[in-house]
Amino acid sequence: MNTFSPDYNENKINNILLSLSKEISSFSNLKNPSINLKKRREFFIKELEDLTFDASRHNISIKTIELSKKLLQEMKTNQFLEAMWSGKVVNITENRQALHPALRGSRDSFFPKDIMNEVTKQKKQMLKIAEGIRNGNIKSHSGKKYTSVLAIGIGGSDLGPRMSVKALTPFKSNIDVRFVSNIDPSDLINVTADLDPSRTLIIVSSKTFTTVETLANAKAAFNWLAKILVKLEQKSTICNYFKF
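According to my numbering, the stretch in the sequence shown is residues 2 to 245, in order.
These are calculated hints, taken from the structure and not from any lab test.
Some hints here could point you the wrong way.
[Said to hold, decoys possible] Straight-line distance between alpha carbons at most 16 Å, and here's what the computed EDC-like set of lysine to aspartate or glutamate pairs gives:
#1 Lys228 <-> Asp197
#2 Lys77 <-> Asp159
#3 Lys228 <-> Asp195
#4 Lys140 <-> Asp197
#5 Lys40 <-> Asp55
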């Protein structure tokens with residue numbers, strides 16, 4: 002797998018940043034008579050089909066935008082996007098690809114066909130599991146239908162799913178979905194207070210499974226299950242209530 006290794010000119014980047022800082026601090030009044038309002042409206046108002054983007058009343062100058070474009074060029078932004086879309090390693094910190102945009106794309110997206118085929122395959126598998134949980138074909142290890150899902154994660158592994166569940170509330174099924182991201186034990190205690198462990202599916206979401214908060218909450222959820230299921234002599238089945 003190829004790694005994206007751009008050659009940055011730090012002097013040019015620093016000079017642009019200094020110019021940007023000066024321009025932003027000096028532009029402070031839209032009522033300045035020297036401002037060409039007609040040119041400003043033409044520059045800052047853009048239309049895309051039924052959408053209109055109007056930044057003409059924002060306290061920002063045309064020069065600021067032009068300098069920002071230069072900064073993007075020097076930061077090799079286009080090359081970075083091309084590298085990401087071609088499947089190269091762009092996440093240098095974790096030495097991995099950045100494929101999350103592929104999850105939002107279609108078969109005709111910028112990503113290579115093999116990547117999109119894998120995305121499509123995973124989406125179908127995810128939908129199959131979700132439908133199985135909703136219709137009761139996939140049951141808990143106790144043989145009961147799942148009535149609740151406990152999602153454990155933090156940051157992007159929590160906010161995205163949490164937002165989706167909230168946005169789709171009008172289409173809610175009979176599955177109660179709850180989230181835990183706070184490492185404070187009281188969060189998990191409060192969220193699980195009225196849940197039936199034998200009917201709860203626990204989903205742990207993480208890119209690397211090294212996040213302290215996520216691991217701590219996953220362990221706490223395991224202990225929550227163990228405390229109840231041991232009484233029911235189901236200790237050996239605890240892991241079957243988890244999906245990673």
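Hint-by-hint comparison with the structure:
no. : hint              : in the structure
1   : Lys228 <-> Asp197 : holds, 12 Å
2   : Lys77 <-> Asp159  : violated, 31 Å
3   : Lys228 <-> Asp195 : holds, 15 Å
4   : Lys140 <-> Asp197 : holds, 14 Å
5   : Lys40 <-> Asp55   : holds, 13 Å
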